[in-house]
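Enquirer: Listed here are the chains, written in short residue letters.
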Amino acid sequence: MNADDDMVDRLRRIALEVDGPPGLMRESALAALSLRCLDGELVRLVSDSAVDAGMQVRGADEPVRLLSFETAEVSIELQVREVDGRMAVRGLVAGVVGEVRAETPQGSRTVPVDADGWFHVDDLPPEVFRLHARALDGTAVTTSWVTG
Amino acid sequence: MLAKEKPCSLSHESHPVIPSGWLGAPVRLWWAGGMSEDNARLLAAAATGDQSAWTVLVDRHLGLLWSIARGYRLNTADASDAVQNTWLRLVEHLDRINEPERLASWLATTARRECLHVLRRGTREKPGAAAELLEHLPDSAPSLDTGLLLDERDAALWRALVMLSERCQRLLRVLMASPPPSYAEVATALDMPIGSIGPSRQRCLDRLRQVTGTDEVLSRGTSIGEEEW
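These protein sequence lines map, in sequence, to chains R and Y.
In case it helps, the working numbering puts the first sequence at residues 1 to 148.
In case it helps, the working numbering puts the second sequence at residues 1 to 229.
Watch out, some of these pointers could steer you wrong.
Claimed, not checked - Some chain Y residues near chain R, calculated using beta-carbon distances under 8 Å:
| # | residue |
| --- | --- |
| 1 | 63 |
| 2 | 92 |
| 3 | 96 |
| 4 | 117 |
Just so you know, these hints were derived from the structure itself, not from any lab.
In this text, a Cβ means the ideal position worked out from N, Cα and C, and glycines have one as well.
Chain R on its own, in the form it takes in the complex (with noise of 0.2 Å):
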């Protein structure tokens, strides 16, 4: 143990006492185990605007965020706006029957698909969402988690 292990050592000391991990956080980590479930098949992320170019792409007024997830048999298109501090999504299917729901940590909620495979989804929460929707074999799909 040397000077500076001690001193690190005394920092980490410091960081706990004054900017440790709260405890709300640990009850949503806790919990976070509940959103795993068995049954699906997941449909790959295969582009993000905001990681493709490090930025939104511009809408007409505000900035968009394009998302494509894909399986051997489904796609999904996302477009996501954020409108008064929450998202808005906007969606094209392929390969899917029946709805789309979205999901957040907190719930879910259904919408349909018209005939052409567009959906939307409005005033979900900023912070992250998923959606689950029904390939035409009936096999369940779930993209992966959406961070705002």
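Given the coordinates of chain R, work out where chain Y should sit on it, guided by the hints.
Expert: Just chain Y, lined up with the frame of chain R:
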């Protein structure tokens, strides 16, 4: 309103790849004795819904993730978001962690990405700001609430941290994680070569000693060494 119902799914996406051949230097005692096997067992158990196994994994790594988020100078709300998103990614990947012995590094990489994502979100209103993201982080973060500290020297040391360069603050804050992270984990958390962690740590601590040893600098409250370690 969102209806309460049980969400159900699994998913994956490109996940952090931990370079093979990394050593968790310096070797630390608590990693000895089958931690990797233990991680593998805990991950497998958590994947079947075992809450107690998940609790162990959370408690084992929460301090590291929190320190990473604070190292990126996220405020409490943003840091909590970044850390929670990291847990959600792990829940998605519970049965896809190829190297359980490097779980902490996987989490560190994921946390770094989530932190950068949160920071990017904060710069949305300012196109072009992203490139300078890391050098001009928000000032809000490291808690300066030293009222809890009984020892005035500790309080002075903590306050002196903000006078270091951004990179030093980030490095030291991650090194302060409890339990202490390995250099491999720190390297992945900060996207730095593992070989640079030790020398950088030494330079940053030397700088901290300089700052705390100079009352004039302390009282002036200016940042020094902005361009260097």
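Enquirer: Of the hints given before, which are not true for this structure?
Expert: Those not satisfied come down to hint 3.
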